[in-house]
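2 protein chains.
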Amino acid sequence: MTELSLTRATLEARLRQIGVDRYHDKHPFHHRLHSGHCTMEEVQAWVINRWYYQSRIPMKDAAFLSRCTDPDLRRIWRSRIKDHDGGEHEGGGIRRWLKLAEGVGLDPDYVASGRGVMPATRFAVEAYIRFVRDEPLIAAMAASLTEMFAPAIHTARIEGLLAHYSFANPTTVSYFRHRLGEAPKDVAFTLNWVLDRALTRADQEAALGALTFKTEVLWAQLDALWHGYVAGNIPPGAWRPGEGQL
Amino acid sequence: MTELSLTRATLEARLRQIGVDRYHDKHPFHHRLHSGHCTMEEVQAWVINRWYYQSRIPMKDAAFLSRCTDPDLRRIWRSRIKDHDGGEHEGGGIRRWLKLAEGVGLDPDYVASGRGVMPATRFAVEAYIRFVRDEPLIAAMAASLTEMFAPAIHTARIEGLLAHYSFANPTTVSYFRHRLGEAPKDVAFTLNWVLDRALTRADQEAALGALTFKTEVLWAQLDALWHGYVAGNIPPGAWRPGEGQL
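As given, the protein sequences belong to chains F and H, one line each in that order. 1 is the number of the first residue of the first sequence in UniProt numbering; add one for each residue after it. 1 is the number of the first residue of the second sequence in UniProt numbering; add one for each residue after it.
Because identical chains share one entry, a pair is satisfied inside a single copy or across any pair of copies.
With a Cα cut of at most 35 Å, we get these calculated DSBU-like pairs of lysine-lysine:
(1) Lys26 <-> Lys82
(2) Lys99 <-> Lys26
(3) Lys185 <-> Lys26
(4) Lys99 <-> Lys82
(5) Lys185 <-> Lys99
It is worth saying that the hints were derived from the structure and are not from the lab.
Pulled out of the complex, with its shape left as it was, chain F reads as follows (with noise of 0.2 Å):
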């Protein structure tokens, strides 16, 4: 028997509570980060790492697009491959985390090289861009709605740096501050389009399971750091404290 399709709240409703149960503000990574327990080797780690995230989101929308068959989606997809790489002079997202992490005190050549990240970071963003590229449609554009839940989490760690790092101030948490203002027009329209498309079941389910997958790109980049950097296991090859230092 085919299941029967969700209500439009429903289906809406079960994608925020992926939200309650897995985004990665619940990560105790975070829960250290923000309430100022991390070192600053940590820190380091965690801008490492994160900005091989960042410098591929342009690449995963590019993906998006290369594989967007209606040109009005792509004209207004493409905007957040400009929020991200910016102009060629101003540069954009990817430009304002490397002054985080010159803020950091890391040389920003050294982490936009991108040696150092660690393989498991790559490995999750890499598998994002595939399912991105390759993946249904309404399955492609469901799983960015982690953008749902950015704001809480971007709200609270500029509040705990600022609170607890010297290193904290407006240049360096211009990123978070600039995702404020993009992501909730991203978020509005990729979810009203989800929930006007995803009709039969099969769809709604796809649409669940790509939020769902995306929060388990995000986790586990986090859970790699843990293990590196909190946990004191770092794998051959990704950066060591001490290296790329300013």
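Could you slot chain H onto chain F? The hints should help.
Quick look at chain H alone, frame taken from chain F:
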């Protein structure tokens, strides 16, 4: 024995020679089109099939961005997507192509649906997207250098269409006029990039091979068009004269 590298001047000359030998301005279909010998059905078939190529160019450029790890290069390359897709309201090259479709008596919604495009057209275009996503970066970039040869064919086309066909007017030929302004900036950047970085003979041969491949992508589309609509062997499922009219 390893083959010697070509000088910069020789590499550029060989790239340009590919245009002389193999660019699709040499194809009999273009002679027929520009000299006013095409029937309206042949023009319509060309517009329908060439639409498919145009409509996939932003996806091709997004495929490039999706594999390009250099944010500076991404920031420059991104303008190509904008040139073709345009903004949410005005649109870009693709909407201008649909003006041409209307001008030749086709329902633009039919053309934009992609129904009726010949399988051979799709296969050639999809091979190009795949090439740009997966082949080495220099090859992916060099494949775009057919734009070196495009201004001449666009100029000839604008003149030929205006001289010979009653549907031709500033609106219907605006796609080609815009490309005259857009393509040269892309060519200058990309040609220099390839000449600066293709320093080993292996990379130089990869660039030459990529440009040759791209001329094949263009030529194969016209061969299929000729076989289908000039010689009169329309494949199953492809557009038949009379369908999709305004």
